[in-house]
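Engineer: For reference, the chains in residue letters:
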Amino acid sequence: MKRNWVRAIEGLIVPIALLLFWQAVCSLGFVDPRKLPSPIAVGLRWAAYIAPEAPFDAAKDFAPTWIFSGEFFRDAMGSLWRVIAGFVVGAGLALPFGLAMGASDTMYRYLNPLLQVLRPIPPIAYIPLSILWFGLGNPPAIFLIALGAFFPVLINTIAGVRAVDSIYLRAARNLGASQMTIFRRVILPAATPYILSGVRIGIGTAFIVVIVAEMIAVNNGLGFRILEAREYFWSDKIIAGMFSIGFIGLAIDTLVNRLNAHLLRWHRGLDS
Amino acid sequence: MTPLFVTDAPVNALKAALPAHIEVRGVSKMFRVPGGEVVALKDINLSVGAGEFVCLLGPSGCGKSTLLNAIAGFAPPTAGTITVDGRAVKGPGPDRGMVFQEYALFPWMTVAQNIAFGLEIKGQGRAQINQRVAELLETLKLTDFRDRFPKDLSGGMRQRVAIARVLALDPPVLLMDEPFGALDSLTRRSLQDELLRIWAALGKTIIFVTHSIEESIYLADRIVVMTYRPGTIKADIQVSMAHPRDGAAPEFNALKKQLSGLVMEEQSRHEQAELKALTTD
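Taken in sequence, the protein lines are chains A and B. Each residue of the first sequence is one higher than the one before, counting from 1 in our numbering. Each residue of the second sequence is one higher than the one before, counting from 1 in our numbering.
Note that these hints are calculated values from the structure, not bench results. Ideal Cβ positions, reconstructed from N, Cα and C, are used throughout, including at glycine. Among the hints, erroneous ones may be present.
Reference listing, derived: stretches of chain B covered by chain A, where coverage requires no fewer than 3 residues with Cβ under 8 angstroms from a Cβ of chain A [unchecked claim]:
#1 26-37
#2 133-143
#3 199-208
Derived list of chain A stretches under chain B, where covered just means 3 residues or more per stretch with a C-beta under 8 angstroms from a C-beta of chain B [to be verified]:
#4 164-170
#5 173-186
#6 189-196
#7 260-268
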């Protein structure tokens, strides 16, 4: 088992090499800096994006809030808020439907064919309809994000409930459990590994959809900022925005993963 | 030897839960399979006295687990009746505690939570549950493992938890479906002794399914040998040796020889049937 810092350094070698190569290509003038700005230019632009816009004014600013007053934080908060709102709506609808479809064969027979047709339609394809139905602003964005989160959570919940080993049901019935108790204390926990992996995929999809939704329907957030930068030909800011999305996505996934590992500490095989 | 109970309370409670008498009358069970029907059980008549330890012995496919599942109430028989203390079996219930070969512990619950499950369903108070769980942990030597999850336990430990879980509800009957079949021989022996100790102390009626001849002789009052399809009772043998039984004793070996003859006849019928099925396909 290697030490953590050794592994961290190993993981940095390729990215640093690529950055150096990229910087060299730019410094030697091989590319048009408007099309591919150098990493240094991106870094500076990124720093400016993250930094507070106004200088610190001791008279009216409170230091901890001032640090997070930059444009980046406003955008990130805007995007995260939409992801969370959309995810809560989508997963909140998917969970009861999934549990019902998993537990009841009748529900499954009636709803599964419809589900199989709707599932392959990417949320992006709903953009025109979502604007027709909800206009511009947050409502269509949240609708699209909810759609993105809905299907992975639904599919995994159905699979999780259907995969519950019948021996647990027999053991519970033998101990005198009612149908309601079996559902709540056996089926639900037995299905959590599936449900949580659906949650992880659902949040990932929600994060993809939020960027797209912000490009068409709202005027803040990380997706909007990238599109805005394109209009001004700020390619360095486009790239800074993309990296911001990458790091925030990683942070969310790490967080969800930690949560899953805690909730599934009883589970045999944990994927990371 | 560890005391079976730390307090008198469960011993007093036990006096209420006397072992039960089981009557199996004319029980048959058919299974539909592609291209026909399998008669798993055919006209089984079996009377198990209160407090008796009966082993159902036979090769795979002789219907011994089917019979156990019918008594447990998981799969009703196609014909015939089963009664426990005069009451007809209509479904699974906590009066017939089932121990499975696969343990069937709830993996998301700790050892203590698994044992408490049946008591919670029964609606007992927290203090009462905690006391009962502590006693069972003590009885089955699980106290140090109370907060572990099943995945962190060995097979033998898991089966101890499964036994404690059904004992928690103090059932008059224990139904055991090859409970020690997946354990190594040393763990198996120690759990067999544990079970005999519990049986001697608590006086349960036990029906124990196994395909191990030694195991059946080591444990049972009475060994019921079953035939391969259709499942019927081939022999019903009383074992009167005193416990603990010595596997090297002449009496033990004579019985082993007799049972081997009976079981191997059925085993070869099983193998011939499989061969026939293979050639007709």
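Engineer: Determine for every hint whether it applies to the structure shown.
Structural biologist: Each hint, compared with the structure:
1. Residues of the region 26-37 of chain B lying with their CB closer than 8 angstroms to a CB of chain A number 0, which falls below the three-residue condition for coverage.
2. For a cut-off of 8 angstroms, the count of residues in the region 133-143 of chain B with a CB near a CB of chain A stands at 0, and the three-residue condition is violated.
3. Check on the region 199-208 of chain B: 0 of its residues sit with their Cβ under 8 angstroms from a Cβ of chain A, so the three-residue criterion for coverage is violated.
4. Under a criterion of three residues with beta carbons nearer than 8 angstroms to beta carbons of chain B, the stated coverage of the region 164-170 of chain A is upheld, 3 such residues being counted.
5. Counting residues of the region 173-186 of chain A whose CB lies closer than 8 angstroms to any CB of chain B gives 9, so the stated coverage by that chain holds, three being the minimum.
6. Judged by the Cβ-Cβ criterion of 8 angstroms, the region 189-196 of chain A is covered by chain B as claimed, because 3 of its residues qualify and three suffice.
7. A stretch counts as covered by a chain when three or more of its residues have a beta carbon under 8 angstroms from one of that chain; for the region 260-268 of chain A and chain B the count is 4, and the coverage holds.
Hints 1, 2, 3, counting from the list given before, are not met by this structure.
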